[in-house]
Amino acid sequence: MRFLSAVSLTVPVVLASCAEPEYPRRTVAGADAARGLELVRETGCAACHDIPQVRWPKGRSGPPLAGIGTRPLIAGRIPNQPDAMGAFIQDAPSLVPGTAMPAMPLNDRQARDVAAFLYTLDDD
Amino acid sequence: MTPETGFDTRKYDRFPSQGPRPEGELEELEAAWCPPRRAGEWITAINNNIIGIYYVGAAMLFFILAGTLALLMRTQLALPMAGILPQETYNQIFTMHGTVMMFLFAVPAVEALAVLLLPQILGARDLPFPRLGAYAFWAYLIGGLAFFCSLFFGLAPNGGWFMYPPLTGKTYSPGINADFWLLGIGFIEISAIAGAIEIIVGVLKTRAPGMTLDKLPIFAWAMLIFACMIIIAFPSIILATLLLELERALNWPFFDPLKGGDPMLWQHLFWFFGHPEVYIIFLPAAGAMSTIIPAMARTRLVGHSLVVMAMLATGFISFGVWAHHMFTTGMPQISINYFSAASMAVSLPAGVQVFAWIATIAAGKMRFSTPGLFAVGGLVIFVMGGLSGVMVAMVPFDLQAHDSYFIVAHLHYVLIGGMVFPLFAAIYYWFPMSSSRTLSERWGRWIFWLMFAGHNIAFLPMHLSGLMGMPRRVYTYLPDADLALPNIISTIGAFLFGLAVLLWVIDMFRNFRPFGRREVGNIHDGPGLEWLPSDYYSVRSIPVVKSLYPLWDQPELAEQVKQGRWLLPGAKNGERQTLVTSPLNAEPQYVLRIARPSPWHVFGAVFTAGFFLILTVQAYAAAVVSGVLAVFCIMRWCWSLDMPHKRRSTDIGEGIRLPNYVSGSSGHGWWAMVLLLIVSGMVCLLAAFSYIFLWSRRPDLWQAPPELSSLILNVGLLAAAAAASLLAPKVLRQFRKRAETMTTVFVLVGATLAGVAIVNEFQAWAVQGLDPEISSQGASVFALLAWSAVFCAISALMALYLLLRRGFGYVSPDRPTTVDVICLFLTFTAVQAALSILLIRLFPGGGL
Amino acid sequence: MDFRSGWPPPVLDPAGPFAGPLTTVAWVLFVMGLAVFLIVVAVLGVALFGPPRFRRSLQTERLVWIGGIAFPVVVLSALLVYGLATTARLSDAADEGEMRVRVTGEMWWWRVAYLDTEGREAIQDANEVHIPTGQPVVIELESADVIHSLWIPRLGGKTDMIPGRRNFMRIQADTPGVYTGQCAEYCGGPHALMGLVVIAHTPEDYDVWRARQAQPAPLSSLPGAQTFTAAGCGACHTIRGTSANGLAGPDLTHVGSRRTLGAGILPNNQGTMAGWISDSQAIKPGNRMPSYPVMTGQELQDISAYLESLK
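Chains as they are written, first to last, in the numbering used here: chain A, 42 to 165; chain B, 10 to 857; chain C, 96 to 406.
Please keep in mind that the hints were generated in silico from the structure rather than gathered at the bench. Some clues are possibly wrong.
Between beta-carbon pairs, the in silico distance windows are [said to hold, decoys possible]: (1) C:A309 - B:I73: 53 to 61 Å; (2) B:I73 - C:I161: 52 to 60 Å; (3) C:R354 - B:P341: 32 to 40 Å; (4) C:I161 - A:Q94: 56 to 64 Å; (5) B:P853 - C:A239: 24 to 32 Å; (6) C:A309 - B:Q772: 56 to 64 Å; (7) A:G117 - B:Y629: 53 to 61 Å; (8) B:P95 - C:A309: 35 to 43 Å.
For every residue, glycine included, the Cβ atom is placed at its ideal position computed from N, Cα and C.
With the hints as extra help, turn the sequences into a complete structure.
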């Protein structure tokens, strides 16, 4: 059953990717991307990141987040997976020592919401 | 009615004349007033029919440019924290929007209407100083365009249109952006004042005979009051810009509190100009409304004399309300109360005019063609602006509304309802006078409704934005303040307004055909003299006016005028002529020879604008060259004036002969000089006020004046200069022998004495150790003296000019006007200098 | 979009006795203004389209006398008296013992000093004014450079800050809460981003806050304290209890406890602090703090952690 559903999910993706190579959209189970955007605004992530749906500020200290949903790596080091993303948002320095990105005051659930929002940011 | 000049008004009964007109009379008239033929002649032209069109066109160009800036701003503000315009660009754009709208659109636009319409409305052939009018126009166009272009180089001013120091001082605005404003506005002031002098003399001295003040059309009344207000109000901004430029360029502290200056001085000076400015813009437009509404309703203006009184009252009260822009500056309570009361009082005359218009509409039957629509729409918008004006005159409310978007909404309701809509009504109403095709009525309706809807959609929500806490002059707002909704609505409205203006421009291109020989004519059935059949010479003959609505009351008048049956039906000796009449009863006094086209006023304008603009970019040598050339061109332009006449008098019809030349106080040149001196005197008076104001701020910094003996010497020298200049005209008229030479000598001596006195006074203070860079006393004393020194320098130039004319034999007892005018100026210079010196010596309590 | 989210607007939502009367005046004016507007439009409508019988009664000078002179004189006189009375009541002199705060406008932030009973500056702070509820607080308004104007719509009207002068205004909040304010007089550059917050505490909470605020910063063992000193931040900023004693920028002794960064524009947390230090010019163009592109990630991490620890 799982195999079938995996196939049924994968086939169209593979077919589609033949026409136009595209990465599968990552999702975070049970998280709310809209709430994630709210949190991004309230926390001021844009002070360092250019985030497509946040008009201001357009911080430049961190990488722009357009397309973060499809990028293979986080901070050039960690595979871009939902759990890793959540952990990185909460406490970047412990995963990437020397980064300027500080630990953010978000709990697990909030971090997952933010990750879900980030995964809506496809290329462009 | 007692005659004012001794002219027997029963002679009016000889008109209209009977019998055929002499052969060739019309041809001679046409030849004298022939329109330009070669391309260059379109530039040297001075006829008000041509310059007026240029002038209106240029004003509308600046309206469109500044409107485009508004659309850019609304695009940036459509969404919170949008990044369409960078902050610095936005700051420049909003400064330019306000400045261009106020100085390059609103005031010039109404002056342009005056230049275009007044001669016709008054039954004159042209304005009395057509070259001055053309000069004002060219200086304005060239300077205005260059000023606007500063935007493209990122050099536009960015301090807001009221340029409050210290933000605009050298410390916080080190670039030349602020200088562009100060110097750019400088020559536009010159242009405005030149226009105002022209208008006042025009209305008072070149009316058709019989057009007594009670028969003066309401539009001319409005223009007269408007121009007088410019004469009184503009000196304040001239002084303010001079002082700020002195502070920026020479470090003289007028506004720097560390050295005894005070930023509040700027606010007082600016708003003493700035508030009357609003009424300066509104009154002519109101005059247009009071003309158009009766015409479109086909009835007389109800309460004509009340409306005139109301306009006069507006003029007076508007000079007593300036500080209502300063309720939040911590003024004393008593001043706040006074200015609040005065601000409410100034709404009364506006109410009188509004109800006079409504009563007129009720009395007639309004026609809803485009001018009528714009008039009624403007009325409604203006009423809303007036009501929000009463709100902000209430101090407790103003403490919240001040400097917020509520004010932005209020001022646009007042200015668009009170000026822009009436201006469009005027353009549509008088359009057939100047074009051989009419504008499309169908488009006109679309344009009106789009503009009316666009205006309200744009500006009504701004009241709310203000109450929501949005300050004015912000390039953006934070997303969490709920301001997005009213702002996006405002932006949509602004673009609708822009669309309306675009449609109007397209229709102008389709249908505006000026400078033809066959205009559409009186399709509105208007009652004023401007609807008489006309050509470049204006009317074929100048009628005697017997009522406020001559074309309605004398239906046969148009035909008689066209047949040349009234006064001055030709152009004797091939000269351009118009009648000069007395200021109250419009009794004919003399025939004025009007100047001809010339390149000199154009060059004068180019170099004047060049002087100010080059000064801005700090190329001082080039600026001086340009300034000298400007002075030369202006002198060359004057040179050909006041030349001998072939005959002493002219037959203006039916055997009535009028002199071709008068001197003294009935002459138009004398009037113009007096007006110019009032402007100068106002500047000096306000400088004296500034001096006292700065003393009151920091009396501890004031030092004692130089010893008394130098005071007595200098005032004595100035008294001698004044005496010489007072005697000179009498010498010219009464000496039997060598009168011309003696007069010239008197003038030269007078100018020299005045110059010596001023130099002495400078030295006395310098020896005393007063330094203009160190204290506000030094700055204001030196500024007062510098003002007088400039006048002494001009006097010296005039004296040399007179010497030159003496050399050519152009000084003669027959034609004393040049001498009269120069001596008037010289006397004023001496008196002004003496009073300034007495003030700085005796106040506060030093010296004696 | 929630159309009601902006209602009532702050000016119509007063939170203290210095704003309340202004709101009452505003409502009186709106109602009267609307009434007068409707009357004028109705009269205009009759004049334009009404039956001849009605129009006849409007077409004389009598209308001008009544509508343009008599009616406005009565209404405006009444309004004037009402307005002057309200102004007089609001501008009662402050009592001797009222708490005083000095707010100095600077390009483009607010220096805040809490004065002791002798009028000396006891506590330095920036961009936030803390007040106790239920009592008037006198704000002394000064400017360090150009003209600014302090406007906290829910607590009262605005008053200008003029170089060389000292103005006063009184505010009072009746309930604890956060009230936003803004510079209302154009002061160049990022004038639009010159915000401030007023935080009203219950008197007890206020005393606690003030006592804590009066303390110098504790000796910190965080690495960021070293970095802060080494990077020269102390040339512009003061942290009481350390060697940092610069006066050009905001006092940072308790910066970690503030709600906002950059004068009321960003939420305050370690992330935004790091972003602000690293590139404040991208966030608030033209502000007087330079961006610091020379700092390493670790340094930013450390400094922001240190500053956020200054509660």
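Verification of the hints:
1. Checked against the given bound of 53 to 61 Å, the beta carbons of A309 of chain C and I73 of chain B, roughly 60 Å apart, stay inside it.
2. In this structure, I73 of chain B and I161 of chain C break the distance hint of 52 to 60 Å, their C-beta atoms being roughly 42 Å apart.
3. Between R354 of chain C and P341 of chain B the beta carbon distance is about 37 Å. The supplied range of 32 to 40 Å therefore holds.
4. One distance hint, 56 to 64 Å for the beta-carbon pair I161 of chain C and Q94 of chain A, holds here, with the actual separation near 59 Å.
5. Against the hinted window of 24 to 32 Å, the Cβ-Cβ separation of P853 of chain B and A239 of chain C comes to about 31 Å, which satisfies the hint.
6. Judged by the Cβ atoms, the range 56 to 64 Å given for A309 of chain C and Q772 of chain B holds: they are separated by roughly 60 Å.
7. One distance hint, 53 to 61 Å for the beta-carbon pair G117 of chain A and Y629 of chain B, holds here, with the actual separation near 58 Å.
8. Checked against the hint of 35 to 43 Å, the C-beta distance between P95 of chain B and A309 of chain C comes to roughly 42 Å, which is consistent with it.
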